[in-house]
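Novice: Each chain, letter by letter, is given below.
2 protein chains.
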Amino acid sequence: MTDLIASLRQIVGDAHVLTDGDLTAYEQDWRRRVHGKALAVVRPATTEQVAAVVKACAANGTSIVPQGGNTGLVVGSTPDTSGQQVVLNLGRMQAIRAIDKDNLTVTVEAGCILQTLQERCESQGYLFPLSLAAEGSCTIGGNLGTNAGGTQVVRYGNTRELCLGLEVVNAQGEIWNGLKGLRKDNTGYDLRNLFIGSEGTLGVITAATMKIYPMPASQLTAWAAMPSFDAAVRLLALAHQYLGAGLTGFEVMNRFALTLVDKHMPQLRVPFIDNPAFPYAVVLENSDSESEEHARSRFEALMEAAFEQEIVLDAVVAENLGQAHNLWHIRESIPLAQVEEGLNIKHDISVPISRIPEFVEHATQVLNDKVPGMRLVNFGHLGDGNLHFNVQAPEGVDAKQFLDEREHEVNHIVYDAVAAFGGSISAEHGIGTLKVDTLPQYQSPVALSMMRAVKAALDPQNIMNPHAMVTRG
Amino acid sequence: MTDLIASLRQIVGDAHVLTDGDLTAYEQDWRRRVHGKALAVVRPATTEQVAAVVKACAANGTSIVPQGGNTGLVVGSTPDTSGQQVVLNLGRMQAIRAIDKDNLTVTVEAGCILQTLQERCESQGYLFPLSLAAEGSCTIGGNLGTNAGGTQVVRYGNTRELCLGLEVVNAQGEIWNGLKGLRKDNTGYDLRNLFIGSEGTLGVITAATMKIYPMPASQLTAWAAMPSFDAAVRLLALAHQYLGAGLTGFEVMNRFALTLVDKHMPQLRVPFIDNPAFPYAVVLENSDSESEEHARSRFEALMEAAFEQEIVLDAVVAENLGQAHNLWHIRESIPLAQVEEGLNIKHDISVPISRIPEFVEHATQVLNDKVPGMRLVNFGHLGDGNLHFNVQAPEGVDAKQFLDEREHEVNHIVYDAVAAFGGSISAEHGIGTLKVDTLPQYQSPVALSMMRAVKAALDPQNIMNPHAMVTRG
Numbered sequence: 002m003t004d005l006i007a008s009l010r011q012i013v014g015d016a017h018v019l020t021d022g023d024l025t026a027y028e029q030d031w032r033r034r035v036h037g038k039a040l041a042v043v044r045p046a047t048t049e050q051v052a053a054v055v056k057a058c059a060a061n062g063t064s065i066v067p068q069g070g071n072t073g074l075v076v077g078s079t080p081d082t083s084g085q086q087v088v089l090n091l092g093r094m095q096a097i098r099a100i101d102k103d104n105l106t107v108t109v110e111a112g113c114i115l116q117t118l119q120e121r122c123e124s125q126g127y128l129f130p131l132s133l134a135a136e137g138s139c140t141i142g143g144n145l146g147t148n149a150g151g152t153q154v155v156r157y158g159n160t161r162e163l164c165l166g167l168e169v170v171n172a173q174g175e176i177w178n179g180l181k182g183l184r185k186d187n188t189g190y191d192l193r194n195l196f197i198g199s200e201g202t203l204g205v206i207t208a209a210t211m212k213i214y215p216m217p218a219s220q221l222t223a224w225a226a227m228p229s230f231d232a233a234v235r236l237l238a239l240a241h242q243y244l245g246a247g248l249t250g251f252e253v254m255n256r257f258a259l260t261l262v263d264k265h266m267p268q269l270r271v272p273f274i275d276n277p278a279f280p281y282a283v284v285l286e287n288s289d290s291e292s293e294e295h296a297r298s299r300f301e302a303l304m305e306a307a308f309e310q311e312i313v314l315d316a317v318v319a320e321n322l323g324q325a326h327n328l329w330h331i332r333e334s335i336p337l338a339q340v341e342e343g344l345n346i347k348h349d350i351s352v353p354i355s356r357i358p359e360f361v362e363h364a365t366q367v368l369n370d371k372v373p374g375m376r377l378v379n380f381g382h383l384g385d386g387n388l389h390f391n392v393q394a395p396e397g398v399d400a401k402q403f404l405d406e407r408e409h410e411v412n413h414i415v416y417d418a419v420a421a422f423g424g425s426i427s428a429e430h431g432i433g434t435l436k437v438d439t440l441p442q443y444q445s446p447v448a449l450s451m452m453r454a455v456k457a458a459l460d461p462q463n464i465m466n467p468h469a470m471v472t473r474g
Numbered sequence: 002m003t004d005l006i007a008s009l010r011q012i013v014g015d016a017h018v019l020t021d022g023d024l025t026a027y028e029q030d031w032r033r034r035v036h037g038k039a040l041a042v043v044r045p046a047t048t049e050q051v052a053a054v055v056k057a058c059a060a061n062g063t064s065i066v067p068q069g070g071n072t073g074l075v076v077g078s079t080p081d082t083s084g085q086q087v088v089l090n091l092g093r094m095q096a097i098r099a100i101d102k103d104n105l106t107v108t109v110e111a112g113c114i115l116q117t118l119q120e121r122c123e124s125q126g127y128l129f130p131l132s133l134a135a136e137g138s139c140t141i142g143g144n145l146g147t148n149a150g151g152t153q154v155v156r157y158g159n160t161r162e163l164c165l166g167l168e169v170v171n172a173q174g175e176i177w178n179g180l181k182g183l184r185k186d187n188t189g190y191d192l193r194n195l196f197i198g199s200e201g202t203l204g205v206i207t208a209a210t211m212k213i214y215p216m217p218a219s220q221l222t223a224w225a226a227m228p229s230f231d232a233a234v235r236l237l238a239l240a241h242q243y244l245g246a247g248l249t250g251f252e253v254m255n256r257f258a259l260t261l262v263d264k265h266m267p268q269l270r271v272p273f274i275d276n277p278a279f280p281y282a283v284v285l286e287n288s289d290s291e292s293e294e295h296a297r298s299r300f301e302a303l304m305e306a307a308f309e310q311e312i313v314l315d316a317v318v319a320e321n322l323g324q325a326h327n328l329w330h331i332r333e334s335i336p337l338a339q340v341e342e343g344l345n346i347k348h349d350i351s352v353p354i355s356r357i358p359e360f361v362e363h364a365t366q367v368l369n370d371k372v373p374g375m376r377l378v379n380f381g382h383l384g385d386g387n388l389h390f391n392v393q394a395p396e397g398v399d400a401k402q403f404l405d406e407r408e409h410e411v412n413h414i415v416y417d418a419v420a421a422f423g424g425s426i427s428a429e430h431g432i433g434t435l436k437v438d439t440l441p442q443y444q445s446p447v448a449l450s451m452m453r454a455v456k457a458a459l460d461p462q463n464i465m466n467p468h469a470m471v472t473r474g
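Protein chains in written order, with the working numbering: chain V, 2 to 474; chain Z, 2 to 474.
A portion of the hints provided could be inaccurate.
Unchecked claim - Label-pair restraints from in silico Cβ distances:
| id | chain 1 | residue 1 | chain 2 | residue 2 | range |
| --- | --- | --- | --- | --- | --- |
| 1 | V | E305 | Z | P446 | 54 to 64 Å |
| 2 | Z | L269 | V | M216 | 37 to 47 Å |
| 3 | Z | D15 | V | P441 | 38 to 48 Å |
| 4 | Z | Q116 | V | E341 | 49 to 59 Å |
| 5 | V | P441 | Z | P446 | 30 to 40 Å |
| 6 | Z | Q310 | V | E341 | 46 to 56 Å |
| 7 | Z | S450 | V | K264 | 51 to 61 Å |
| 8 | V | G62 | Z | D370 | 51 to 61 Å |
| 9 | V | R270 | Z | S450 | 55 to 65 Å |
| 10 | Z | Q116 | V | Q310 | 26 to 36 Å |
| 11 | Z | R33 | V | E293 | 54 to 64 Å |
| 12 | Z | E309 | V | G323 | 34 to 44 Å |
| 13 | V | K56 | Z | D438 | 28 to 38 Å |
What the hints assert, rightly or not - Example chain Z residues on the side facing chain V (calculated, C-beta under 7 Å, incomplete):
| id | residue |
| --- | --- |
| 14 | D101 |
| 15 | W177 |
| 16 | L183 |
| 17 | D186 |
| 18 | Y190 |
| 19 | S355 |
| 20 | A448 |
| 21 | M451 |
I should point out that these hints are in silico values taken from the structure, not numbers from a laboratory.
Cβ coordinates follow ideal geometry from the N, Cα and C atoms, glycine included.
Okay, chain V solo, but in the shape it has when bound:
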């Protein structure tokens, strides 16, 4: 192992092979569920260095855990406790190599912080639409490795749909330059999409060419108080009809989620919180290529139709950017408000949109039966069928104890309901090591066997993040 570390030092320089001191930032996951121990944390500066690092590890049979901002929620980017894995942190590769305005693409290295990328594009008049809570610390490489979702998927798709090309170092340490930035290219299997969302188990994404869009002339936000979950689904259909591709955000929140925000962040002023007649609220965004005036008139037409059909009880359209930010801030504060309330059992599920109301009713009922008093924090990206269906301990029950005793059971209640309604147990967070043992119970065995065959074919030594996602079994 000392030979390997010497090689790694030679490749990336002494300063960028970390073995001593406090490596918590690299060895512990974002939610602090697991604290591993790395053989070394290696921080290469170039694609060639990444390739050399992989080759050195492969020659030594040492496994590699690729890491971006280490903000994932399923423990997929930290080492195990053996002290034998190399953490390959891409944080030094953060160049934005090129913005191509006519091609509407940006080519960026894996370690670039998402928010940096958003801001750089915006400064040139372009929108990079991927947006999610961790954007200040997550990296585009991590977003690609996990196929991150976020709040703009209803219009722009997941990270997958925003990517036109990849540069990858494969498990043999070879560099594949697939950064063509083409919108059409049918010259073989879709390796790009195979690597996207593979959680570093097939190779290391070192750079990508991503789609950008002309900045919309206006982005308006509205908040609607809903009489039922079903009404939210009806409003979504109306919004698709009235706004077309202008609909760039559609989030749902249940009343309990909002009361937590109201309780722990009273300065945020949740709209209509004092009116107990609405069990759900929706925040929606309309992006318009014409003007704010036009965006507003379309929102008004939509809301008029919704009021007429008695889908919406009350609504407010943000008058200015400050109000819009406040509405989104309420939505984004739900996870933090939950933390303030105490530990909870998180889920990240998706169900076909047409079946969500029935799923919510069914799953809530089973949870109520089996876990009396549990408090449901139900919110998420309804436009994509993705809910964070989180379960908070009953009032007065110790949250830590609740988690320790009931997490497994609660997970399976939710997952079984998801399966019954044709959904997914991981919509946007991925599998990592956290759900790796759960996956086989809910994924098709035929699909799993094909995934294992692909893993064995591309990483025959089983050195790329071997405990995550698709294990060799």
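Fit chain Z to the supplied structure of chain V, relying on the hints for placement.
Specialist: The following block gives chain Z in isolation, referenced to the frame of chain V:
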């Protein structure tokens, strides 16, 4: 072999195993370049029958050529001349299983004709946006197998981007049901995209869940006369800015392509054809979720800006559906007009949009130098960077002889130029058996080796369309 045929008859019924009579429709490719000979043409009616057919063939070591409408342009869906391959034609599996309005999805079997699917969705008030010349005879399974493109890609993406889930029979004859219809699902490798565009070399797509959209309130078409190719790229950028996601079509045509239409289909009345000042024309489409009036006002704002910047020389916006159809009909008649003029050397290339003007200039110059008098039919989906950069024999030269003598050379002139500008030698048509020997010269060796590993992993017997796309080498 007689045992195998007996088994196949037992699985799908005698009437659906064709061995005698005129099998040209199944054995010859669309452009009549190759006429193969099948052991049998098998036409299953269900996914279970497909699985049983694959199992029977696998047990016998017999290779399978999956086939949809057999309209592909790269000889990827016909048998070789050995008389030993089974053609698996999906034409009987044409059910539209479900239209889910709230989920905005349609689930459809592989053999459904594309136009049938479009019409069924439209009758329910929804748009299935995939649109291409062969839509009256191609099937959705073939579209998926080849990742078909067409005229709406600038807004809706390729077939790949329209698909949310697949049902597949793999090379072992197992059924993978991946028809969840979820917009977010991060539970393993992206097998869906691996099978899409794999040209039947990994398994057989038997059904799919595809995205649909609320029918736009208005679809307007305009025609613009352009002073240069570069101006067309400038107009595209303006159109993205002014129309946003309303821009659903953007096609470019050079003057020679239009003179062929004018010559062979004079009834079509090509706009501005008598004005020699424009070397290029563009047809563009604006889809609006609000109204025709609004669509028209946005088109006018766009054209005004384009006139001011002297990008556009002259323009016309279709006044009604009839005029719009006529404009599109001109664009779509170019391939037929070329046939009328005589055989030609076809290409289907893509280049980053920012580099297309330079590519066109360079490639044209090299062709002019090496093939004096050649006539370039340059047209295609500029919005996606995809051109059909076709070469017609010099005037007075026998087209057949020109093709026989010069095709190989002309292909490599064009492909070398494409490679020099970072493009793709097959944007939307695929590889098939026609380009299988050319691919390794232009695709990354690292990518090819990964593709071969995937092929070997998922089809270890090498029985799925073994001569197409990625051969085992």
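Novice: All hints are to be evaluated individually against the structure, with a verdict given for each.
Specialist: Hints and how they fare:
| no. | hint | verdict |
| --- | --- | --- |
| 1 | E305(V) / P446(Z): 54 to 64 Å | holds (60 Å) |
| 2 | L269(Z) / M216(V): 37 to 47 Å | holds (39 Å) |
| 3 | D15(Z) / P441(V): 38 to 48 Å | holds (42 Å) |
| 4 | Q116(Z) / E341(V): 49 to 59 Å | holds (56 Å) |
| 5 | P441(V) / P446(Z): 30 to 40 Å | holds (35 Å) |
| 6 | Q310(Z) / E341(V): 46 to 56 Å | holds (54 Å) |
| 7 | S450(Z) / K264(V): 51 to 61 Å | holds (57 Å) |
| 8 | G62(V) / D370(Z): 51 to 61 Å | holds (55 Å) |
| 9 | R270(V) / S450(Z): 55 to 65 Å | holds (58 Å) |
| 10 | Q116(Z) / Q310(V): 26 to 36 Å | holds (34 Å) |
| 11 | R33(Z) / E293(V): 54 to 64 Å | holds (57 Å) |
| 12 | E309(Z) / G323(V): 34 to 44 Å | holds (35 Å) |
| 13 | K56(V) / D438(Z): 28 to 38 Å | holds (31 Å) |
| 14 | D101 | holds (5 Å) |
| 15 | W177 | holds (4 Å) |
| 16 | L183 | holds (5 Å) |
| 17 | D186 | holds (4 Å) |
| 18 | Y190 | holds (5 Å) |
| 19 | S355 | holds (4 Å) |
| 20 | A448 | holds (5 Å) |
| 21 | M451 | holds (6 Å) |
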